[in-house]
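**Student:** Respectively, the protein sequence lines represent chains X and F.
Counting from 1, position 187 in the first sequence corresponds to residue 187 in my numbering; the numbering is continuous, with no gaps.
Just add 300 to wherever you are in the second sequence, counting from 1, and you've got my numbering.
Incorrect hints may appear among the rest.
[What the hints assert, rightly or not] Selected chain F positions facing chain X (in silico; Cβ < 10 angstroms): (1) 364; (2) 392; (3) 429; (4) 433; (5) 464.
It should be emphasised that the hints constitute simulated quantities derived from the structure, not laboratory data.
By construction, the Cβ of each residue, glycine as well, lies at the ideal position given by its N, Cα and C atoms.
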Amino acid sequence: MEHAPQLPFFNRGPSLYARLALFLVLSLVLLFVDARYQYLDSVRNVVSILMYPVERLAALPVTVYRGVGDYLTTQGSLRAENDLLRKQRALDAAALQQLQVLQAENQQLRKFLELQPKVGYSTKATEIVYVERDIFRRKVFVDKGAQAGVQPGQPVVDDRGVVGQVSRVHPWLSEVTLVTDKDNMVPVQVQRSGVRTVVYGTGDSGELSVRYMPFSGDIQPGDVLVTSGIDGTYPAGIPVAKVTVVDRNPALPFARISCQPLGGADRHRQLLIVSSNQTLPERPEPEEKAGKPKKKRGRL
Amino acid sequence: MNDWLRDQEYTLPASAWFIGLTLFCALALSWLPWSGGLLVLRPDFTALMLLYWCTHRPNQVGLGVSWLVGILADVADASMFGQHALAYTVLAFGGILMHRRIQLFDLRQQILQAFPLLLLSYLIYAGVHWQVRGYVAWSYFIGSATTAALWIPLALLLQAVRQHRASDDEL
């Protein structure tokens, strides 16, 4: 029983103001250290290990709900889905055959050009554990971490396109910054015309923008932007976004172009982490113009 | 004054275990996967729970506990170390300063006392973000209103649970 009268609060230990000052200073020091240096990442890792079971527990109701939903799927919907998948498979098989032919042809052409063949990339399937609470940023947490060989910087994709990039790795979890995050950008190429540019996140989950495209740039609404691969992070040729609006307003120095991201972390929970094991050519000497060798690779 | 909206703090028990459990639940609630437009409305359950305990049990939940919970929230949210901790420390300080006054009001009037405190902690969080990143999404502050709106349901729920425990003790 705790019916004891409230003890005189200010007489125990240091005063309230002293403690306020102490904790304020502590927080500010932590903030400063975290903003300037990388020392605290190991501390963060340890705390995140302790919290891991709790996070899974919080996600449990959703997991159970999904599990029950799957179990109760009716035969009708299963059959409809089966039909759909059959049709899809027929279509895919045709596309796949074409792809194989194209791949062979491509390899042949590459040999002609004496270029290193691009190595295919392997993927790891992973699932979103939770979405970050901070509305300033677009980040999700997925259930594969350092234990599964995830490394910071690896791209994350889904079946339609690029979703984001691994930005921080904990032992069993990783933090993925989505392409729509305000600080994120992806080097891309217009699939139709081959023009290279960079697509920026806007902080809005349904929109990306291309910022520094001159008026004469060959880009139209409906164009698909794919990764150009010249950054060495994203493998080339993965769809990123579809251009929705191109505004060539002569009052502005550049065309204003908005795009809609193709991959989406808000549509489903399963994502793929891509480990690209492509070997990059060595960095050019700093005296040289750094742009030249990159351009050559990107255009091909 | 409606009787069921009265603050019944003086008659109710709260063990350290119970307080810990409620704080834990609040942390877990804020990890639920929210997305899309709802993200703006997402209340900060942890701040609300901390404020409740700071105003009702200031000698059990003080600045230290709030700071620690803030650190846990920082790690879970991948915000900067100390960002939540700073906001929650100030929140707890305000709550403790005002705890005698708040307990005199009924639950509806308490919202008016709690809302400025919650807004202050949101302001601090956004202020740190603005210093580091250089921009603030204004819709972020809507969250403080939804958090304050949950004050009455939370207080009624906690009172009901603790009432139950108190009557168990009498038997």
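**Student:** If a hint holds in the structure, say so; if it doesn't, say that too.
**Tutor:** Now the hints, each set against the structure:
Interface restraint check for residue 364 of chain F: the shortest CB-CB distance to chain X comes to about 7 angstroms, inside 10 angstroms, so the restraint holds. With 10 angstroms as the threshold, the beta carbon of residue 392 of chain F comes within range of chain X, its nearest partner Cβ sitting at about 9 angstroms, so the hint holds. For residue 429 of chain F, the interface hint holds, since its Cβ comes within 10 angstroms of a Cβ in chain X; the closest pair sits about 6 angstroms apart. About 7 angstroms separates the beta-carbon of residue 433 of chain F from the nearest beta-carbon of chain X, less than 10 angstroms, and the hint is met.
With a cut of 10 angstroms, the hint placing residue 464 of chain F at the interface with chain X is violated, because the nearest CB-to-CB distance is about 15 angstroms.
The earlier numbered hint that this structure contradicts is number 5, and it is the only one.
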